[in-house]
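First to last, the protein sequences are chains R and G. For the first sequence, the numbering used here begins at 1 and goes up steadily by one. For the second sequence, the numbering used here begins at 1 and goes up steadily by one.
Keep in mind that a hint or two might mislead.
Covered stretches of chain G, going by a simulated chain R footprint (3 or more residues, C-beta under 8 Å) [unchecked claim]: (1) 11-17; (2) 125-133; (3) 194-207; (4) 227-239; (5) 274-285; (6) 340-350.
Covered stretches of chain R, as calculated for chain G (at least 3 residues, CB under 8 Å) [claimed, not checked]: (7) 246-254; (8) 268-274.
Treat the hints as calculated values from the structure; they're not laboratory data. Beta carbons: idealized from backbone N, C-alpha and C, even for Gly.
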Amino acid sequence: SRLAEGTPRRSIQLSNIVEKRVFKEDEIISTPKRGRTKKVPEDEDEDEDEDYTPKKSIQKTPTRSRRMSTTTKPSTTPSKAISTPSKGAVAPMTPSQKMKKIRAGELSPSMQQRTDRPMEDSSKSQLQLAREQLHVSVVPTSLPCREKEFENIYAFLEGKIQDQCGGCMYVSGVPGTGKTATVTGVIRTLQRLAKKHELPAFEFLEINGMRLTEPRQAYVQIYKQLTGKTVSWEHAHSLLEKRFTTPAPRRVTTVLLVDELDILCNRRQDVVYNLLDWPTKSAAKLVVVTIANTMDLPERLLMGKVTSRLGLTRLTFQPYTHKQLQEIVTARLGGSQAFKGEAVQLVARKVAAVSGDARRALDICRRSTEIADADSANVKCVTMLHVQQALAEMIASAKVQAIKNCSRLEQIFLQAVAAEVTRTGVEETTFMGVYTQVETIAAFMGAAVPAPGRALRLCAKLGAERLIISEHSRNDLFQKILLNVSADDIHYALRVGEVSS
Amino acid sequence: MLGGNEKEKARALAKVRRFLKARLLRDYTTLHGYKEERSNVRQLLQRTAEMGESNSLLLIGPRGAGKTTLINAVLTDLVDNRSFVENTLIVHLDGNLHTDDRVALKSITLQMRLENAADGKVFGSFAENLAFLLQCLKAGGRQSKSVVFILEEFDLFCAHHNQTLLYNLFDVSQSAQAPICVLGVTCRLDVIELLEKRVKSRFSHRQVFLFPSSGRLEDYLARVEELLSLPENKSLEAASDRLRRLSRIQSEALSLGRNHFDPADGEEIDPPFRKNWNTQLHKMLATQHAQRSLQMLYDFDISEAFLRNFLFRLVAQLRPETPHITADQLRTMANQYECDDKIELLCGLSVLELCLIIAIKHHSEINDRDPFNFEIIFARLSKFAKVSSTMQGMERSIVLKAFEHLRIGELIMPVSVSSSSSGKVQKEFEKHKLALTYGQIQQAVQRYQALPTEVAQWAQSSLI
Numbered sequence: 001s002r003l004a005e006g007t008p009r010r011s012i013q014l015s016n017i018v019e020k021r022v023f024k025e026d027e028i029i030s031t032p033k034r035g036r037t038k039k040v041p042e043d044e045d046e047d048e049d050e051d052y053t054p055k056k057s058i059q060k061t062p063t064r065s066r067r068m069s070t071t072t073k074p075s076t077t078p079s080k081a082i083s084t085p086s087k088g089a090v091a092p093m094t095p096s097q098k099m100k101k102i103r104a105g106e107l108s109p110s111m112q113q114r115t116d117r118p119m120e121d122s123s124k125s126q127l128q129l130a131r132e133q134l135h136v137s138v139v140p141t142s143l144p145c146r147e148k149e150f151e152n153i154y155a156f157l158e159g160k161i162q163d164q165c166g167g168c169m170y171v172s173g174v175p176g177t178g179k180t181a182t183v184t185g186v187i188r189t190l191q192r193l194a195k196k197h198e199l200p201a202f203e204f205l206e207i208n209g210m211r212l213t214e215p216r217q218a219y220v221q222i223y224k225q226l227t228g229k230t231v232s233w234e235h236a237h238s239l240l241e242k243r244f245t246t247p248a249p250r251r252v253t254t255v256l257l258v259d260e261l262d263i264l265c266n267r268r269q270d271v272v273y274n275l276l277d278w279p280t281k282s283a284a285k286l287v288v289v290t291i292a293n294t295m296d297l298p299e300r301l302l303m304g305k306v307t308s309r310l311g312l313t314r315l316t317f318q319p320y321t322h323k324q325l326q327e328i329v330t331a332r333l334g335g336s337q338a339f340k341g342e343a344v345q346l347v348a349r350k351v352a353a354v355s356g357d358a359r360r361a362l363d364i365c366r367r368s369t370e371i372a373d374a375d376s377a378n379v380k381c382v383t384m385l386h387v388q389q390a391l392a393e394m395i396a397s398a399k400v401q402a403i404k405n406c407s408r409l410e411q412i413f414l415q416a417v418a419a420e421v422t423r424t425g426v427e428e429t430t431f432m433g434v435y436t437q438v439e440t441i442a443a444f445m446g447a448a449v450p451a452p453g454r455a456l457r458l459c460a461k462l463g464a465e466r467l468i469i470s471e472h473s474r475n476d477l478f479q480k481i482l483l484n485v486s487a488d489d490i491h492y493a494l495r496v497g498e499v500s501s
Numbered sequence: 001m002l003g004g005n006e007k008e009k010a011r012a013l014a015k016v017r018r019f020l021k022a023r024l025l026r027d028y029t030t031l032h033g034y035k036e037e038r039s040n041v042r043q044l045l046q047r048t049a050e051m052g053e054s055n056s057l058l059l060i061g062p063r064g065a066g067k068t069t070l071i072n073a074v075l076t077d078l079v080d081n082r083s084f085v086e087n088t089l090i091v092h093l094d095g096n097l098h099t100d101d102r103v104a105l106k107s108i109t110l111q112m113r114l115e116n117a118a119d120g121k122v123f124g125s126f127a128e129n130l131a132f133l134l135q136c137l138k139a140g141g142r143q144s145k146s147v148v149f150i151l152e153e154f155d156l157f158c159a160h161h162n163q164t165l166l167y168n169l170f171d172v173s174q175s176a177q178a179p180i181c182v183l184g185v186t187c188r189l190d191v192i193e194l195l196e197k198r199v200k201s202r203f204s205h206r207q208v209f210l211f212p213s214s215g216r217l218e219d220y221l222a223r224v225e226e227l228l229s230l231p232e233n234k235s236l237e238a239a240s241d242r243l244r245r246l247s248r249i250q251s252e253a254l255s256l257g258r259n260h261f262d263p264a265d266g267e268e269i270d271p272p273f274r275k276n277w278n279t280q281l282h283k284m285l286a287t288q289h290a291q292r293s294l295q296m297l298y299d300f301d302i303s304e305a306f307l308r309n310f311l312f313r314l315v316a317q318l319r320p321e322t323p324h325i326t327a328d329q330l331r332t333m334a335n336q337y338e339c340d341d342k343i344e345l346l347c348g349l350s351v352l353e354l355c356l357i358i359a360i361k362h363h364s365e366i367n368d369r370d371p372f373n374f375e376i377i378f379a380r381l382s383k384f385a386k387v388s389s390t391m392q393g394m395e396r397s398i399v400l401k402a403f404e405h406l407r408i409g410e411l412i413m414p415v416s417v418s419s420s421s422s423g424k425v426q427k428e429f430e431k432h433k434l435a436l437t438y439g440q441i442q443q444a445v446q447r448y449q450a451l452p453t454e455v456a457q458w459a460q461s462s463l464i
């Protein structure tokens, strides 16, 4: 929801840093924007319609490129599969004009549409429905087992919005513990309240460190969510600075969610400093919620003045225990009988023992339904066996299998590396030592001894698979070789193979 | 009359040769084995296309195991599925080509035919491209087309800055946006360890391992026979039919159909000739000689890529004089793989250079592979040259030239790691190490043509 009410139009006009052309565009576009805020912002089609109506183009002073397109330039745009409904009325745009529209936020990005309708819900089997419900993207309206954290964040944000002041909060926890889902859930609830006028209206902005190419792009993204326009980061920075530092009547509270905070930290830390400094200004009314993985990030990575501004309002999301994971999965399944109770429990216990990652548990459950689906047409239910197979697929490592499936000489080479490690007692071996071991073992087993050149090829092949770690073959006999699997794995893989054959 | 018959036979043979070569080289879509893995990947892609499910998967296996062929085969299978062809965009990325996120992102924008791309050119900066792509994917939903991202050499994408591309692709696959399927292909078994923890959490941990089925030589022999035998006309037509349907895949980066092996391309091979060929082949493969040679290859490398390479060279030897593949040919070729190239290189050296190598060997044997420089070796060589009748009057500059020749042949390698420090040392005093085993030198001395007896004797013992 990009609301333009907070755009400090007056301050832009006062600006003397801004270039003239950009400044002009700002003024023009911000005018219709204000009217548009009354519309439902989610409705993309309506948004587009408005962009292309002739009425708008009258309002707008014809820029140079527009004039050019109507008079001289023929259309060079290749026909796109996606077309806006009213596109036919306007002359087709050249790519650079289109880019200009994209930068101005007037052209809504869209994906190509399917030719047929997706499958109806009614035609799906129980397992298919369960699989859909178990997908990580299906976020429930209320997250189970995160009620306390929800309360905590809700109280913080509601208080800040009610008081009309700014503040910061730091949320941490390992990946997959429901941080982002909880925070967005809180904000959705608050937005619903604001709509019912039980709470003062507020704006919500959201950036993610990993979605930016560099920390400074944060300014661009924030400004884009405010106005819809894409400008350079310097410009965006100065505009945001102006917006947050100059007092303005009827300024609404802004809630800014910063995901993956550690990526925004660079050596200078100017971006993080700015994001956390604005809430301290009385004019800003900015509430910043930051999310990251490590608990001690502020102390470890950030400078003192940044840590000080981040404050001590912190919240840690603990990894899910097996009981909680079980509850999450059963909540997703609803009343469906697709899963056996003990199957869910097995998944929950296995995942909780490793990482407590909800995504992992849901993915394993989903894989189990696929296995059950493929198993036979009659099976309507996921049993322990299916879950066990899924767990074996998704948690187990394949190193032993890889060793078993090596060729004979590769197996001899691996044995030779292990033997050389045992002989010298050091982890790191050189190719020359290994090659003498290869000669010995091959002679012992009655295999043909490969020439050093071919042994180097074996070494490179095993190195590509990462069964061993080797240097470049340029170093020839002197390259260093490390074993990347444990020697026990090699013995196990080769012994067990001998017995079975 | 007999001449006409010969000509006819030669033509038929040329046809067979061309057919076999083309099948060995350019058959990108036929996969042998891997039933389970194939159906697993196919079902995943099918669900992505039909139900709009978002998924991610890693295809892992050693080099030459048929990972790319598996994907190609699955796509060929899905060509018949109308809803797949019409509702899916395929985006193909390669870690070797798309060396950073910037290049990869441009390629994605082009292949998805987004609004900010036109005629192969992408507008806007890196940051804008990323933002626009994410907006597009976010705007999509169940009604939009599914996108299948194929990331070959997946491990190289992990080396990109912050793993931004991977994070965003996996993140889209785990949130309620346009349905996408991320299919990574790599040969590294431990590739998951390369992912950052938040990227790892978003990855669905489905891994399909492709290991060439080893264990039995019989399977290998059957595979050889299959690759060399001439198929029935009926199966040729079926394959050709399948190929024609490949053009339905609409993707700019994926050029499966282009220059693909087309069995119906050449003229047909007449049935009696085919039958004769196949029986001869079968007989040949049943012999002990042939099996022993193939066992040798199989012991070294079980991947099909290696086998195909070998068979291609074998097929290239088909001549009208030798119209069939014989066990002898097989053996000679296999022995070629066995032999050591460095010994060939040693046999091509002059006697003086070989003498230097022998002197180096003596020095290494006495001092347990200590590094040496020119002066040490020259002293050792002069000791020999003084008493030898053939090597007297050897000038120092000529020996130094020979020493340098050995060095650029990389038979001896400089010890120093940093090249800057070695520049200060005079070239006569620079430390070197020997890049040969003693066994190799021994063999070279034995195989060297017309080696003076004195040198051969000196090679046996360092005492003069």
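Hint numbers not upheld by this structure, sorted from lowest to highest: Hint check: 1, 4, 5, 7 and 8 fail, others pass.
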